Amino acid sequence: MVIGSGPIVIGQAAEFDYAGAQACRALREEGVSVVLVNSNPATIMTDVEMADRVYIEPLTPAFLTKIIAREKPDGLLPTLGGQTGLNLATELATRGILDDYNVKLLGTPLRAITRAEDRQRFRKLMRQIGEPVPESWIVEKDGELVELSRQSGLPWPLIVRPAYTLGGSGGGVAHTPEELIEIGQRGMRLSPRHQVMVERCLVGWKEIEYEVMRDANDTCITICNMENLDPMGVHTGDSIVVAPSQTLSDKEYQMLRSASLKIIRSLGIEGGCNVQLALDPKSFGYYVIEVNPRVSRSSALASKATGYPIARVASQIAIGLHLDEIPNRVTGKTLACFEPALDYCVVKIPRWPFDKFTSADRRITTQMKATGEVMALDRSFESALMKAVRSLEVGANSLRYKGASQWSDMEIESLLTTPTDERLFAIAEAFRRGLMIEEVAGLSGYDPWFLHKIRGIVQMEKRLRDHAADLNRDEAAGLLTEAKGLGFTDRTIAELTGRTERDIRALRTSLGITATYKIVDTCAAEFEATTPYYYSCYDREDER
Amino acid sequence: MNENKKKIIVLGSGPIRIGQGIEFDYGCVHCVWALREAGYETILINNNPETVSTDFDTSDRLYFEPLTLEDVLNVLEREAPYEGVIVQFGGQTAINLARPLAEAGVRILGSSADSIDLAEDREQFEALLRRLDIPKPAGRAVTSPEAAVQVAHEIGYPCLVRPSYVLGGRAMEIVQSDEELTAYMRYAVDVSPKAPILIDRYVVGKEVEVDCISDGVECLLPGIMEHIERAGVHSGDSMAVYPPQSIAPVTIGKMVDYATRLAREMHVVGVMNIQFVCEGDEPYIIEVNPRASRTVPYLSKITGVPMVQIATRCLLGESIASQGYKPGLWPDQPNPAVKAPVFSFQKLAGVDIPLGPEMKSTGEILGQDVDYPRALYKALLAAGIDIPLKGTLLATLADADKSEALPILREFAALGYRILATSGTCRFLRAAGLDAEPVNKIREGAPNLIDVLRSGRVDLLINTISKDRHIEREGAEIRRASVEQNIPCLTSLDTARALALALEARKNGDPFDVRTVDEYLKK
Ligand SMILES: Nc1ncnc2c1ncn2[C@@H]1O[C@H](COP(=O)(O)OP(=O)(O)O)[C@@H](O)[C@H]1O
Ligand SMILES: Nc1ncnc2c1ncn2[C@@H]1O[C@H](COP(=O)(O)OP(=O)(O)O)[C@@H](O)[C@H]1O
Ligand SMILES: [Mg+2]
Ligand SMILES: [Mg+2]
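Here the protein sequences line up with chains X and R, keeping their order. The numbering of the first sequence is this note's numbering, which starts it at 1 and goes up by one. The numbering of the second sequence is this note's numbering, which starts it at 545 and goes up by one.
No wet-lab data here; the hints were simulated from the structure. It is possible that part of the hints are untrue.
Stated by the list, open to error - Simulated crosslink set (DMTMM-like; lysine to aspartate or glutamate; CA at most 20 Å straight-line):
hint: 1; chain 1: X; residue 1: K262; chain 2: X; residue 2: E140
hint: 2; chain 1: X; residue 1: K333; chain 2: R; residue 2: D604
hint: 3; chain 1: X; residue 1: K66; chain 2: R; residue 2: D930
hint: 4; chain 1: X; residue 1: K356; chain 2: R; residue 2: E717
hint: 5; chain 1: X; residue 1: K333; chain 2: R; residue 2: D915
hint: 6; chain 1: X; residue 1: K66; chain 2: R; residue 2: D915
Said to hold, decoys possible - Some chain X residues near chain R, calculated using beta-carbon distances under 8 Å:
hint: 7; residue: D17
hint: 8; residue: A360
hint: 9; residue: E393
hint: 10; residue: G395
Stated by the list, open to error - Computed footprint of chain R on chain X, listed as stretches where at least three residues anywhere in the stretch have a Cβ under 8 Å from a Cβ of chain R:
hint: 11; segment: 3 to 13
hint: 12; segment: 30 to 44
hint: 13; segment: 84 to 94
hint: 14; segment: 304 to 313
hint: 15; segment: 486 to 493
hint: 16; segment: 511 to 519
If you're wondering where the values come from, they're calculated on a predicted model, not measured in any experiment. C-beta: ideal position from N, C-alpha, C; glycine also.
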C-alpha cells in the first residue's frame, strides 16, 4: 500500500505525484501488487493504470483503516506521500492498526522516522554522534522568557519564531535581552498556542542541502548537493537554489557530505533522505538544521537535476533491494550505487502566488509561501538563471523587471535586506545603479560569486545597448554569442538594441549562432544514456 | 531513436500556481501516453521539476526548457520534421503560444489558434452566439460611469462589473444599485476608452460546468458538474457535484445541444470546457475555453471515459464514433462524486478568505459514495472540514443573508449544534424562535468573538460578507482568527447548507465504506 499526499497545498505540490507514480511503477516491475490511496484525483498515481487497486478516499486514519481491513496489504510504504503520508503512516502504526492487520512498514523503520521527526530525539542523537545542532528553547510563558533572557552565555543573536501563526508571521531576530523579551512577548501574543521557539540565529549563513540514500546493507551515496542563493532565514522552498553547490570549497563540500552520510547512517534510514545544513561563510562552522526522512520537494528537484530517480530507487530499497543491485534506468548501464556527476548548472526558482494575492505579505521567511517552482539547466549559471526567470511567467524575460527603474534607492536597499519575491530583480537593479558587489553582498547576504554573475548579466545589458548601432557588423558576432551564452533571449536583445525579435533571430542565425542541446545522463557523458533528456545551450557541440 | 516514427511535440504547463495546477500536468502526461500508444514519437517541453510530465520516461524525449516562443521554436527547429504541436493540455501557458507559433508557420494540432482566439474575443464570440441563437447574460462594454448606469438600467440589477483588461475574476464585483455601480466606476477601477469596463447581467442561479470532446463534427460530453455554490464563486473554488442534482433534464438537453453546435461552429478539435449559469430552465453561457480544463481528470475518473486519450485521438484525425464512443452525453454513473477546493490560507498572511469570482484555492479533492449527501461528507472531510456531529457553531451574518440562513441554522440546531451569534444575528434568530446565544463583537468588550474562537470551543464559523465597509473590517479580523485557529470558516450559505446535509447523512446513515475507483463505476 502506498499513501499519497492529498490535495495540493503550499508546501506539498506535484512532487509527491511524481514520487508516487515512480514508486508504483517500480514496485509493479518487481512483481509487487500495489494498493494506492489518495484523495486527489488530479494525479497520475490515482490512474487505474498505475496501481492494482486505486482508492480515492479521504486521507484520515479511519478511512485508511477501512482500506487496510479490506485489502489486507502485506506492507505499507510510508515515505512517498510527503508529510501527510508520513504522519498518517506513523499514526496507523502507533494506534496499532498495522499490527492488527499484520502490515509491515516498508523501508525506513518507524524508529528512524520518529528519531528524525521528533525534535528532542533528533537533537539528542546528533549530540551523540557529534553533529552540531543550534541551541534552542520553546517558550510559552512570559516568566520563562524573562528567565531565558537573563541566562548568561546565550548565543546572540537569537531568532524568535512564533508557533502556528499565518505564514510564520510575527517573528524576528533579537540582539539583546530587551529585544528578546519584546519580540518574544509579541510572538506569544500572536501565536494561537501562545508559544514561540527561540533559537541561535543563523540568518546569513549559507543554507546547503544534501540528498542522500542508504540501503539495508548500509551502503550510502550522495545524489547531489544544492546551495540556496538566499541564505538561512528563507525557507528552502522559497529560496533560489543552485545544484550542484557553486561556492563551497572542496573541504567544505566534503565536510558537509560526510556529515550527511553520518546522519543517514545513524538514523538508520532505508531509502532517501534530505539533510539541511547551515554553513558559516567565514569559518568551517556548520549546524544541522533538519532531516526529512522521506522523499521531498528537494528530492524531486535533485532527481530532475541529476537524472537519478530517487523515488524509484527508494521504493526498490524498501522492498529489500540494494543499491548495487539496482540498475540506473537513465543510463541503462550503470548501477544505482554510482553517484551522479553533473557537468552543467541547475537553477530552481520558486513561483509565488503574489500576482493573485496582491494584498498578501510578500516577505519570504522561514515558512514557505510558494505554490510551485521552475527549474532550468545550462552550461553556465547565468544562462540557467535567465532561463528559470523566464519560465516563471511573471512578465520578466530577463532580469529586467517591470517597475524596477521606478524603485527609489531606499526601496532597493530594503528589497535587498528584506527578502521578497522581488529580491533577485532588486539585486540586478542595484548593479544597474552602480552598487558594488560588497555592498550588495552586505545587504542581501548573497555570496559574492553569485553577485558577480548577476552583475555580468547586467553589464551585458549595457554592452548590448551601447552596440545597438553596429550589431550588424561582423564584430558583433562575438557580442551576440556572449549574450546568448549568458541566457539573453532574442526578445531582450531586441528590446535593448531597438530591433524586433524576428530581426535578431535572423541576424544570429545568419551568423551561425544557434542553440545546441546537451544530454542529462547522470554520469557526465561517461556512458550513453538510454532515456535522455535535453537542455539547450550556446555551445558548439550538439548531443543527440 | 526510431527514425521512422512520426513525431509530435507536446507543450507542458510550467510552474504550479493558483489557477494552473497539477490538473494540466495530468493532461499532458495522458496526451503523451496516448500518442505513444498510437505509435508516435513524443517530445515534451516543460520546466517544472515537480511533475510526472518531466519524469525521464514519460515522453520519448524531454526538453527541460522555458515555455517561450523562442525556446520552443529552437526545439522545433531541431526536431523538424514533425507532425505538429499540441497546446491544448498545457493550460494557459501553452495556449498562449498557439497564436505566435501559428504565425511562425508551426502546425497546431486540434483546435486552431483562430478557434482559441474566437473564444477570447468578446465581440466575435457574441456575434457567434447570436448567430447560433445561444443565450448569454446581456451585457456591454462601457467607458464612462454615465454609460455604465445607462447599460445597467437596460439590463437590470444586479450586475456583474469587471475591467476588460484583467483576467481571472480580479476586481470583479456584483453591484445592486446605481450608487454601488457609480462608486465602482469612480473609485475601484481605471476606466478609459482603452480600458473599458464590462457590465453583464448577474444571473442568480446555478452554475454548471461542461467538458466535452469534439472531433470537429460530433461532440462527446462525458459528464456535467453542478456547482454547489451559486454563480459568483470562481469555478476553481466552488464545490461541484457529478451528476447534477437539481438541473432539469430539459436544461441539460439544451446544454448538450449548445455545446455540440458551438464545438462544431468553432471548429473545436479536442477538448473544450463551457461554463453556464442556469436561470429557470435556461442555461446562459458565461465562458468557453477550447482547451483542457481543471475538471478533466475528475470527470475522466468518475465517468471512466478517458477524456485526454479520446481527445488526443481526435487530434490525430480519428472520429469519436470510430473510437467506439457514441456522441452526446455519456450516461450518468451510479455513484455521485463531489469535488471540493482546498486552500492554503494558513501559509499566507494578509489574504482574506471569502469565496468570490477570484480563484484562491491551491488544490482540490474528490469524495465519492452511493448518494450525494454521503459523497458530500467525504469531500468535506477530505478537504479538511472535519467537524463533529454535535458541537458549537458561531454565526455572524450580513443582514441580506439572515433570512436565507435561518433554515440552515435550524438544521444545525436539530443536529444538536449549539448556536452562538453576534448581536444582530442573534436577535434575528431568536425572533424567529431559534435558540441562539449572544457573543460580543470585537469592539463590544471582552470576551468578544475572537476570544471565543481562540478558546477552542467553536467547531465552525459561518460568516457572510457584508457590503458595509465598517462591518467588513471586523469580518476580515474574524476570518483571520478562524484560519489561525484552524476552525473551518464558511463564507457561502450554499456551502453551509451542503455541510448540514452531509452531517445529517453521517448521523442517520450507515457507517461509511470505501471502494476502488473501478468499483464506483459499477452499481
Ligand atoms: N536557527 C535558524 N536561524 C535562521 N534561520 C533558520 C534557523 N532555523 C531554520 N531557519 C530557516 O527556516 C527554514 C525552515 O526551517 P526548517 O526547520 O527547515 O522547517 P521546515 O520543516 O518547514 O523545512 C530553513 O530553511 C531556514 O532557512
Ligand atoms: N453573468 C454572470 N452571472 C453570474 N455569475 C457570473 C457571470 N459571469 C461570471 N460569473 C461568475 O464569475 C466567475 C468568474 O468569471 P469567469 O468569467 O469565468 O472568470 P475566469 O476567466 O477567471 O474563469 C464564474 O465562475 C461565475 O461564477
Ligand atoms: Mg526545511
Ligand atoms: Mg521539514
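Evaluated hints:
1. X:K262 with X:E140: 34 Å, violated
2. X:K333 with R:D604: 18 Å, holds
3. X:K66 with R:D930: 18 Å, holds
4. X:K356 with R:E717: It holds: about 16 Å lies between the C-alpha atoms, which stays within 20 Å.
5. X:K333 with R:D915: 53 Å, violated
6. X:K66 with R:D915: Measuring from Cα to Cα gives roughly 19 Å; hence the hint holds.
7. D17: Since the shortest Cβ distance to chain R is 6 Å, the answer is holds.
8. A360: OK, holds: A360 of chain X within 8 Å of chain R, min 5 Å.
9. E393: 6 Å, holds
10. G395: Status violated, d = 12 Å.
11. 3 to 13: With 7 residues closer than 8 Å to chain R, the segment 3 to 13 of chain X meets the three-residue bar; holds.
12. 30 to 44: holds (count 6)
13. 84 to 94: Coverage by chain R is violated for the segment 84 to 94 of chain X (0 residues, Cβ < 8 Å).
14. 304 to 313: holds (count 4)
15. 486 to 493: holds (count 3)
16. 511 to 519: holds (count 3)
Going down the numbered hints, you'll see the structure goes against 1, 5, 10, 13, while the others check out.
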